[in-house]
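Numbering (the working numbering), first residue to last: 1 to 392.
Fair warning: there could be bad hints in the mix.
Straight-line C-alpha distance at most 27 angstroms; calculated DSS-like pairs for lysine-lysine [said to hold, decoys possible]:
(1) Lys-44 / Lys-102
(2) Lys-215 / Lys-135
(3) Lys-137 / Lys-151
(4) Lys-102 / Lys-255
No lab work stands behind these hints, which were simulated from the structure alone.
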Amino acid sequence: MLVFEFKTYGKPEQFAAIDDAIRTVQFIRNKCIHFWMDNPKSNKYDLNKQSAILAKEFPFADELNSTARQAATERAWSAISRFYDNCKSKIAGKKGFPQFQKDNRSVEYKVSGWKLALDRKSIVFTDKKGIGKLKLKGTRELNFYQPDQIKRVRLVRRADGYYVQFCISVERQEVREPTHQTIGLDVGLESFYTDSLGNKVENPQFYRTGARKMKRAQRLVSRKVKGSSNRHKARVKLGRVHLKISRQRKDHAIKLARCVITSNDVVVYENLRIKNMVKNHCLAKSISDAGWYQFRIWLEYFGRVFGRITIAVNPAYTSQECSLCGVVVKKSLSTRTHVCQCGCRLDRDHNAAIIILKSGLGTVGHTGTFALDASNASGESTSILVGASLLG
Numbered sequence: 001m002l003v004f005e006f007k008t009y010g011k012p013e014q015f016a017a018i019d020d021a022i023r024t025v026q027f028i029r030n031k032c033i034h035f036w037m038d039n040p041k042s043n044k045y046d047l048n049k050q051s052a053i054l055a056k057e058f059p060f061a062d063e064l065n066s067t068a069r070q071a072a073t074e075r076a077w078s079a080i081s082r083f084y085d086n087c088k089s090k091i092a093g094k095k096g097f098p099q100f101q102k103d104n105r106s107v108e109y110k111v112s113g114w115k116l117a118l119d120r121k122s123i124v125f126t127d128k129k130g131i132g133k134l135k136l137k138g139t140r141e142l143n144f145y146q147p148d149q150i151k152r153v154r155l156v157r158r159a160d161g162y163y164v165q166f167c168i169s170v171e172r173q174e175v176r177e178p179t180h181q182t183i184g185l186d187v188g189l190e191s192f193y194t195d196s197l198g199n200k201v202e203n204p205q206f207y208r209t210g211a212r213k214m215k216r217a218q219r220l221v222s223r224k225v226k227g228s229s230n231r232h233k234a235r236v237k238l239g240r241v242h243l244k245i246s247r248q249r250k251d252h253a254i255k256l257a258r259c260v261i262t263s264n265d266v267v268v269y270e271n272l273r274i275k276n277m278v279k280n281h282c283l284a285k286s287i288s289d290a291g292w293y294q295f296r297i298w299l300e301y302f303g304r305v306f307g308r309i310t311i312a313v314n315p316a317y318t319s320q321e322c323s324l325c326g327v328v329v330k331k332s333l334s335t336r337t338h339v340c341q342c343g344c345r346l347d348r349d350h351n352a353a354i355i356i357l358k359s360g361l362g363t364v365g366h367t368g369t370f371a372l373d374a375s376n377a378s379g380e381s382t383s384i385l386v387g388a389s390l391l392g
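Between the sequences and the hints, there should be enough to build the whole structure, so can you do that?
Structure below.
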């Protein structure tokens with residue numbers, strides 16, 4: 001599944017209609033959550049029936065396309081099923097009980113309610129909300145795909161405008177020559193990552209860099225009267241600063257992950273639980289700013305695209321164990337050099353990257369993994385457990 005995004009242009013009344021559709025989606029989702037709370041034994045099909053019931057009861061809900069209403073109920077069931085899955089797996093801490101949504105920013109249509117122009121330069125939304133024809137501007141080319149390959153169309157509101165996303169049913173596969181290289185990655189805060197060859201990539205720290213503009217924009221919001229138009233404008237400026245930082249972090253993760261995957265046949269990294277790590281209030285901001293989880297997600301995605309092997313290993317003792325003799329040398333976070341009695345003296349992160357690579361290569365069943373099918377060798381569902389990318 002590919003997702004192509006285009007900036008959209010229209011009149012103010014069209015954007016007001018989009019906002020109305022977005023509020024309607026939020027209303028339907030919250031109504032479904034409330035229905036499930038009153039009827040805990042209800043299932044996915046019971047929630048789907050609620051979309052038709054709400055359309056008959058509320059005229060503004062009937063104005064929204066039927067497939068968009070169904071997509072809203074699917075969002076509600078997604079939150080409910082995730083809560084059930086967390087309870088069954090008995091994860092520690094909160095289980096994610098479904099909450100009422102307050103800041104929905106998108107509306108999703110399925111195969112009806114929209115019509116793409118022949119030149120693929122505009123799109124018309126045909127439901128009763130009155131969105132109408134919107135111009136599209138982007139770098140992606142939709143002419144390569146048939147209209148029946150577009151399974152979903154999503155309208156997204158962001159701080160800098162409105163966007164249209166096309167979800168296209170196509171499997172992306174690219175063929176590259178084997179590099180005969182394996183690498184282990186140790187992510188950190190001083191450097192974004194250190195590989196098993198000793199190479200380091202600088203941590204860009206986009207949040208820290210944009211902190212000055214962010215503080216100034218936040219002060220402007222605080223000075224304005226609540227509910228005023230000037231406060232709304234100040235909030236939009238603050239949102240654009242946050243949006244730019246998130247885009248910078250995403251772009252950095254995509255480019256770096258693609259470079260790592262295309263340069264190596266096997267990539268080994270730590271199976272870190274970022275959710276637990278950010279509980280340390282001293283390092284939470286720096287860890288969140290680094291974007292390790294996003295980098296890992298793109299590593300796994302490009303691993304499937306290029307047919308590379310990605311392995312997530314247990315992070316326990318990777319920074320304490322000696323890469324030469326295997327002895328555990330305890331050290332604090334402030335100790336940046338690994339010194340062992342066997343004579344091994346390495347940078348702490350370099351030593352950890354070597355241990356990560358050895359742990360990945362020593363996974364049970366690794367023999368002959370270069371001959372495995374790429375769909376079994378890497379992917380989101382194959383990197384949850386240690387060596388799970390080789391279970392196929």
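Here is what the structure says about each hint:
Between Lys-44 and Lys-102, the direct Cα distance comes to roughly 22 angstroms. Compliance with the 27 angstroms bound is thereby established for this hinted pair. Of the supplied pair hints, the one linking Lys-215 and Lys-135 is violated, its CA atoms being roughly 35 angstroms apart against a limit of 27 angstroms. Straight-line distance between C-alpha atoms of Lys-137 and Lys-151 comes to about 20 angstroms, which keeps the hinted pair within the 27 angstroms bound. Among the hinted pairs, Lys-102 with Lys-255 is inconsistent with the structure: their alpha-carbon atoms are about 33 angstroms apart, more than 27 angstroms.
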